[in-house]
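Please build the complete structure, drawing on both the sequences and the hints.
Just so you know, we're using my numbering here: the sequence shown kicks off at 4 and counts up by one.
Incorrect hints may appear among the rest.
Okay, the calculated beta carbon distance ranges per label pair [said to hold, decoys possible]:
hint, residue 1, residue 2, range
1, Arg92, Gly354, 18 to 24 Å
2, Pro274, Pro758, 46 to 52 Å
3, Phe530, Pro242, 56 to 62 Å
No lab work stands behind these hints: they were computed from the structure.
Ideal Cβ placement from N, Cα and C applies to all residues, glycine included.
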Amino acid sequence: MRRALLLVAAAACTRGATPTTPSPTGTTNTMWPSIDEAFLAASAETNRFTLGLPTLAGITRDGAVLFRRTGPRSRAADLFELGAGGRERRLASAADLLDGGREQLSDAEKARRERTRTQTTGIVRVHASRDGRWVLVPVGERLFVLDRQAADPATSAREVNVGPGFPFDPQLAPTGDRLAFVRDGAVWLSAVSAAAGATAAAAAPRRLTPAGTDTIEYGVAEFAAQEELDRTTGMWWSPTGDRLLIQRSDHGKVDTLHVSDPRHPDQAPVPFRYPRAGRANSDVTFWLYAVGTGASSAAAGALAPLEVRWDHARYPYVAAVDWPDAGALTLTVLDRDQGELALLAVDLATGATRPLVEERDAAWVNVGGGPWWLADGSGFLWTTEAPGAWVLEHRAADGRVVRQLTEPSFGLRDVAGVDDERGVVWVTAGTDPTRDDVYTVALASGATTPVPDDGVQHLVAHDHGRTVVYAVPAQGLTHARVVDRAGTSTPLTSHAEAPPYWPTTQLETVRADGHDFHVAVTRPRAFDPGKRYPVLHFVYGGPHAQQVMAPSRGYFGDQLYADAGFIVVRGDGRGTPSRDRAWERALLGDLATVPVADSVSILRAVAAKHPEIDLARAGVYGWSFGGYLSALLTIQHPELYKAGIAGAPVTDWELYDTAYTERYMKQPADNREGYQRGNVMTYASQLRRPLLLLHGITDDNVHFAHTLALIEALYLEGKRAELVTLSSTHMVPDPKMKLALERVQLEFFRQHLGPPP
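Printed below as a string of structure tokens:
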């Protein structure tokens with residue numbers, strides 16, 4: 004892994020400019036508690052003690068659970084299976100398949116991993132055939148198909164001939180004999196060789212779609228879908244493997260931006276299409292391609308593709324595609340402002356669509372993740388917030404509501420899958436926003452049954468009669484188990500390293516301005532109740548994200564900062580999920596006012612409750628939306644926050660992407676006042692406190708231009724801020740860089756919030 008590079012600069016003060024208010028001490032005091040360098044290094048090298056956890060890759064029809072797992076301090080994931088009989092075995096590793104070769108990634112694959120926040124290497128994704136025997140394993144630019152029936156699947160793996168170049172988003176046909184992939188903007192088909200290890204004899208890949216161009220691309224989800232709609236693919240096999248649904252994207256009207264790395268001036272900037280708020284999106288259409296099976300594949304290839312037709316002008320976004328074994332092929336579509344959603348069923352003979360579900364919301368519609376079709380195709384499950392909070396519905400195949408299975412008071416969070424044989428749905432739910440529990444819901448009656456364990460947060464997946472439950476206890480390592488229909492539970496082995504200690508964080512509820520806010524307070528492990536401590540307020544504040552959750556493992560960073568001499572506070576204000584519709588929609592049209600007001604209220608309320616907090620020495624920090632909020636709080640509330648750190652901040656919402664920004668803010672032409680209020684540069688002249696800006700110079704999500712725009716605005720107002728640039732994207736996966744970053748932040752706060760407690 005390359006060595007981290009941090010470049011430190013400052014926006015200069017012009018002659019006669021007002022400098023930032025000096026810190027109480029001006030220098031770092033040596034009486035501060037020592038920084039726990041050993042813990043800092045261990046946390047960075049273990050990715051906060053998550054490396055080594057088994058990561059679900061799929062459940063096969065024969066009852067095997069496929070999963071990936073790294074070592075405790077390795078990011079290279081291998082592929083394993085837990086058989087129906089409970090025996091675990093390793094199927095393959097990247098080293099096995101590459102035989103000493105080195106993994107190479109295309110720019111498109113690197114971007115995909117950035118969109119999905121993937122921080123591991125090696126085997127990062129797999130595709131299994133319908134019967135589960137064949138498993139496609141991409142490793143860099145090479146594709147391998149494993150036979151799970153082989154004694155040693157890795158040594159007998161079949162490498163697929165994909166021709167020259169990098170195959171992107173390869174997907175195995177349900178029949179296991181072919182795969183589709185994208186290369187140079189077109190979709191290609193390759194046969195899986197019948198001879199183990201053979202590539203030369205395999206049939207050459209054939210191009211299925213027209214060739215890609217600079218503006219036309221097939222088989223790839225556009226940026227907005229990948230980054231903001233959780234749809235990372237642009238092609239889908241039919242359940243029988245005789246057709247492919249393929250996305251065609253016309254990016255011709257989308258702005259082309261460039262990301263350059265100043266460390267390498269010999270390298271050209273990387274261009275990419277990025278749809279900014281109020282500007283053009285990609286024009287997306289979907290096409291059905293007949294590819295046949297076996298002997299019929301050649302004849303099918305001669306058939307013209309069939310366009311899937313719907314009102315593109317009304318619904319330009321495709322948030323999800325589902326092609327079940329039984330039931331209709333469906334598209335979940337949204338209008339541009341995302342206040343309207345439709346679930347469309349596709350007629351495979353004509354390409355016409357008809358709505359099964361239509362929803363509207365005066366603010367925005369959240370996409371719930373369905374449909375979940377019943378095995379016989381007679382109906383599906385659907386989640387909706389229409390009653391004011393999430394509920395689960397059973398709908399007929401034509402979309403009619405058969406029954407509402409849960410009440411808004413149930414606190415539905417997620418649907419894991421349907422066990423048709425038992426007649427139950429596996430879900431997570433809870434009335435306490437800081438935790439959730441696992442339940443089954445009876446299809447016939449809606450009766451809910453808890454599935455007890457020691458977890459306070461869960462991730463659950465169900466398929467083919469087996470349920471994988473990840474349970475995160477209040478204090479302890481995450482553990483995963485596989486539950487069969489008989490209730491027998493088998494653990495998935497974890498190699499995660501146990502931390503030397505667990506955070507001392509306490510969860511509380513404070514009331515301010517007529518609202519109840521959930522907060523987390525972390526004190527030093529060597530806390531002295533007779534002392535008063537400076538306080539650090541960790542913020543996010545944006546929609547669709549919570550900061551206060553019951554598992555203590557989410558507070559390692561808070562504990563590190565607390566042990567260095569602070570009390571750390573975080574809280575969830577209005578706009579966060581898991582409360583109700585009205586609470587979350589409080590941000591409509593204005594992403595600044597409510598998050599700022601609630602953050603101030605939360606910190607003041609916590610400090611009033613705990614006299615050990617010295618509110619005269621408060622700092623604030625956050626990343627991404629949290630960096631944006633931190634910058635606003637530092638500038639707008641100098642009476643409260645004496646120093647702030649803004650990491651990768653959005654500073655101008657007109658520079659951010661369409662799908663996220665317009666969901667909450669609508670389009671700039673329709674909400675000029677809201678965009679102006681949410682622009683950090685609007686308040687540049689008001690900066691009075693020390694502000695540290697952090698940003699990855701190759702960030703292709705929140706572009707470095709956001710921070711540069713703020714630096715320039717401050718410069719023109721005669722204000723000063725510190726700038727640390729990182730040789731990273733929006734993520735900071737490099738352990739060395741993480742170490743350096745934490746040190747920089749701690750030293751900044753120590754300098755400006757001293758003296759020590």
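Going down the list of hints, with the structure as the test:
About 44 Å separates the C-beta atoms of Arg92 and Gly354, a value inconsistent with the hinted range of 18 to 24 Å. The hinted range of 46 to 52 Å is satisfied by Pro274 and Pro758, whose Cβ atoms lie roughly 50 Å apart. Look at Phe530 against Pro242: about 58 Å separates their beta carbons, and that is inside 56 to 62 Å.
Of the numbered hints stated above, the single one contradicted by the structure is hint 1.
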